[in-house]
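Q: First residue of the sequence shown? That's 1 in the UniProt record's numbering, and the numbers climb one at a time after it.
Keep in mind that the hints are not guaranteed to be accurate.
[Claimed, not checked] Cut-off 20 angstroms, straight-line C-alpha distance, at most; resulting in silico cross-link-like pairs (EDC-like, lysine to aspartate or glutamate):
1) Lys163 to Glu107
2) Lys163 to Glu126
3) Lys67 to Glu107
4) Lys67 to Glu99
5) Lys67 to Asp94
6) Lys67 to Asp81
7) Lys60 to Glu78
8) Lys163 to Glu78
9) Lys47 to Glu75
10) Lys47 to Glu126
11) Lys47 to Glu146
12) Lys47 to Glu99
13) Lys60 to Asp94
14) Lys10 to Glu35
15) Lys60 to Glu21
16) Lys47 to Asp94
Simulated from the structure, these hints should not be mistaken for lab results.
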Amino acid sequence: MRRLDLHPKKKFRGQGRRLREFHTRLQRITQHRLEPDDLGCEYYNWKIPIYQKALLGRRKIANRWLKAWFAYGIEWLENQDPQYISCVITSLPDGFASEYCTFFSHEYFQSFIHRQNVWQTWDRVESPSAPCFMNGFDLSRYTFIEYDEIIRDEEDGYEFRGKQYILGHHLPVNVLG
1 MRRLDLHPKK KFRGQGRRLR EFHTRLQRIT QHRLEPDDLG CEYYNWKIPI YQKALLGRRK
61 IANRWLKAWF AYGIEWLENQ DPQYISCVIT SLPDGFASEY CTFFSHEYFQ SFIHRQNVWQ
121 TWDRVESPSA PCFMNGFDLS RYTFIEYDEI IRDEEDGYEF RGKQYILGHH LPVNVLG
């Protein structure tokens, strides 16, 4: 469940309560182990249940939400079946495209990761650097990839630039290069 902000200029109130709800939702998500027979499709994802104001506000508050998201994401990764590709995708600055994903086929993961078209481009960063909310986590057992993202709408003259951070288990080597 993602929250679109209907009142972007209003103050973000009840942060403690909302963060506790966020923890509760993520705890429920981390307990699920997905199988393709359960779903009948090539992948499954859990979208981030976060308020955009939490990420776009003060850095200290944003890091608190992102650290919780990331800690539960690592716990979720540990619970997934190693024969499938599982990853935590963190989209910054607004978190809108962030998700926990399990891909049941390598081909589908490859088509997901290679985004080079008129509307959206992901360019892989050669020397990725983990953002500060990932500090304090042992990431040595995981594969970490960073992408620069550009989303365009030529009709409106709109261009959005952001980052995609992907942390995963068992990512196929042939799609990483």
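Q: Going through the earlier hints one by one, which of them does the structure break, listed in rising order?
A: When the structure is compared with the hints, numbers 1, 3, 6, 7, 8, 10 and 14 turn out to be violated.
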